[in-house]
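J.: Line by line, the protein sequences give chains F, L, V and Y. For reference, each letter of the first sequence is one residue, going 1 to 208 in my numbering. For reference, each letter of the second sequence is one residue, going 1 to 208 in my numbering. For reference, each letter of the third sequence is one residue, going 1 to 208 in my numbering. For reference, each letter of the fourth sequence is one residue, going 1 to 208 in my numbering.
Derived from the structure by calculation, the hints contain no laboratory data. From a predicted model like this one, the values you see are computed outputs, not experimental measurements. Hints may be right or wrong, so weigh each one.
To be verified - If you want the footprint, here are the derived chain L segments under chain Y, 3+ residues with CB under 8 Å:
(1) 10-22
(2) 31-45
(3) 131-144
(4) 170-184
As the list claims (entries may be wrong) - With the C-beta cut set under 10 Å, the calculated list includes, among others, these residues of chain V facing chain Y:
(5) H48
(6) A69
(7) T70
(8) V73
(9) K132
(10) M151
(11) A152
(12) V187
(13) F190
(14) A197
To be verified - Computed cross-link-like contacts, DSBU-like style, restricted to lysine-lysine with a CA-CA straight-line distance of at most 35 Å:
(15) F/K208 / F/K2
(16) F/K3 / L/K2
(17) F/K132 / L/K208
(18) L/K201 / L/K2
(19) V/K2 / F/K132
(20) V/K201 / Y/K208
Heads up, the beta-carbon is just placed ideally off N, CA and C, and yes, glycines get one too.
Number of protein chains: 4
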Amino acid sequence: MKKYLVEFIGAFFLVLAVGMAVIDPGAGSLAPIAIGATLMVMVFAGGHVSGAHYNPAVTIAVWLRGRCATADVPFYLVAQVLAAVAAAKLALLFKGCPVIAPGNPNVGHALVAEFIGTFALAYVVLNVATAKGTANNSFYGLAIGFTVVTMAFALGGISGGAFNPAVAVGITVMGLAKMSNLWIYLVGNFGAAIVAALTFKFINPDDK
Amino acid sequence: MKKYLVEFIGAFFLVLAVGMAVIDPGAGSLAPIAIGATLMVMVFAGGHVSGAHYNPAVTIAVWLRGRCATADVPFYLVAQVLAAVAAAKLALLFKGCPVIAPGNPNVGHALVAEFIGTFALAYVVLNVATAKGTANNSFYGLAIGFTVVTMAFALGGISGGAFNPAVAVGITVMGLAKMSNLWIYLVGNFGAAIVAALTFKFINPDDK
Amino acid sequence: MKKYLVEFIGAFFLVLAVGMAVIDPGAGSLAPIAIGATLMVMVFAGGHVSGAHYNPAVTIAVWLRGRCATADVPFYLVAQVLAAVAAAKLALLFKGCPVIAPGNPNVGHALVAEFIGTFALAYVVLNVATAKGTANNSFYGLAIGFTVVTMAFALGGISGGAFNPAVAVGITVMGLAKMSNLWIYLVGNFGAAIVAALTFKFINPDDK
Amino acid sequence: MKKYLVEFIGAFFLVLAVGMAVIDPGAGSLAPIAIGATLMVMVFAGGHVSGAHYNPAVTIAVWLRGRCATADVPFYLVAQVLAAVAAAKLALLFKGCPVIAPGNPNVGHALVAEFIGTFALAYVVLNVATAKGTANNSFYGLAIGFTVVTMAFALGGISGGAFNPAVAVGITVMGLAKMSNLWIYLVGNFGAAIVAALTFKFINPDDK
């Protein structure tokens, strides 16, 4: 139960940061830093309890790599998505419940961008938080959080820059993305999680 | 005595950074980074002496968690508030003693925002600076300082973004906030400190 | 093989970040942070497998210092350059294949700037990732990535700020730099790698 | 000799970063980050060889604290100042040798600002790089570099934000500061170094 609470708290603050940074008036060109730094601090705060995924795609990648109990997976996903919905509602309230025009991305480009960005994120998570070669480091939160910073700078304009199905639900609830585009995130993010887990196993053959 | 001096120095630089970043001409959209990074460096510099709270709400949270001696609490709070007043006066002097129009937040929103932002800060402090599961890390200052960066980006526009009763006193002395709103910060910040301490104990049941 | 894959992945994301940050609409004045932070996260993710060079000049510097097997060098360089070409093509696709006016730097200034910036980068890499005096640190990725941040801020306007022959190939493929200027990067970057390796040996005489 | 070379390299890149960030076209509002991050990476790269002062005031503070040999002090200072002059000349060359209007600060405010900012820097250096209570940390460069980031944001507009007599010489050579104001930096910076060393000894009574 304590693990699920930590996942809820982390995903809540992540999606709250997304909404507050992106809905006008937001953080402007600094939005990627505002969002990624939120992930960083929540990873540092909760990693020792739950692994600090805050992202269903990361949970699947860590589960495939063998560092998340199967019984925990559904509860992690539920906690992350509930937190995203709650944070989205609060962000809308703080912003005065504005009418928001959803993004209208090129579907093919968005799918590739979500795949690539989520691959980077899951690849970094697995290597800095679950590899023997980086055990006991003090940089895991910095590396994970700033992967979202960098991918949001690079690809936010292409796909909206979720890289996380819970964030995708959050931006859909807030009206920043269309419900009809939700599948782009689900396919791109979970697909990337699988490829990242396979890549991790290939480059870290001695890690069980 | 050395602990109280460290608390004074850290809170002084934190509130000076707030005043210089926020009073025109300030750091503009980069103000959250200027302020949070100041907290970061002062936490790294003073943590080994006083625990580096620089914030009465953090002192209460750490005391409830059992890592601040009861006899130290009033002296910590006095040092933090005196430092805030001194820094506020110096910032006004540097800025040419301008006439400042105080913020006029929605009281309900501001109370929720101060609660949430301070919860994040105290939750991160307790987990990165007092938990067995993160002992001997080198990231505590980064995590704590950047929690203020992220919460100032997310919630600064809602409540002014103090998350710290000493900062609330400082912005009141500088005229950035109204005296009649000071209770918002006291209630929101200390309330969040209590909830964060209870949350910490729940998710870290083996930490005494 | 796994080492070459890690080098490919890291160089791919680095050059993708360059293209997405620099080609309009990009990251504007924050481009140095977007690019350098990408290098940071990829260094933290891949350092334990390949050493995380992502840069032919760094590979030469590390090889001269005695921490890269001679047999690996050509494969590292090929992986880095192939990744740069692939990332450049993808960035052009995401940006809608725009017509780009290449930079027109002062050749002498650009050569000096590329030499100085690459010297800083190789000097930092050797000292934070291969020196006995900094063994087992948790800051190597931060130091390496932010050297690119700082040198891009300082010298990007003089030379385009590659500091990396693979990035130079990438910006040439994207049309940001002229093919006829590619030699500037090759001479400046590899020359600096040699001087940085000699400097490292002089200041760390006990490191073999 | 290797220590003096490291001091030269670090001070050279620091002053080069100052000139390139501040002389038009520079890094605009991001100049404090560009400059402080340069100090960060050079501290991480050179700390294990020379202590990575790059600042005569820091050298004096570290010498008073007993961690810099008396015989080294004059050579450190000469290396730092020579590097500042060389970097200033190169920055002017890169910028096209512009006519620069020097800053015209309020002398009293500038003196206080230089004292306070340098106190913060020397206080952080002594506590993160020479105290037993923070031994073997991985954050010293981050803390030191970002103290300059934060003090430049807070006080750069008041005094120019040198906090370093070598930087003061550099900005005087570049024409950003008037020769007739150089004493402000010398008095403010060295005075703060002394007070910071005394403060360190008071709060760390067991450190010899």
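J.: Which hint numbers does the structure go against, in order from smallest to largest?
T.: Hints 4, 5, 6, 7, 8, 12, 13, 14 and 16 are the ones this structure does not satisfy, whereas the remaining hints hold.
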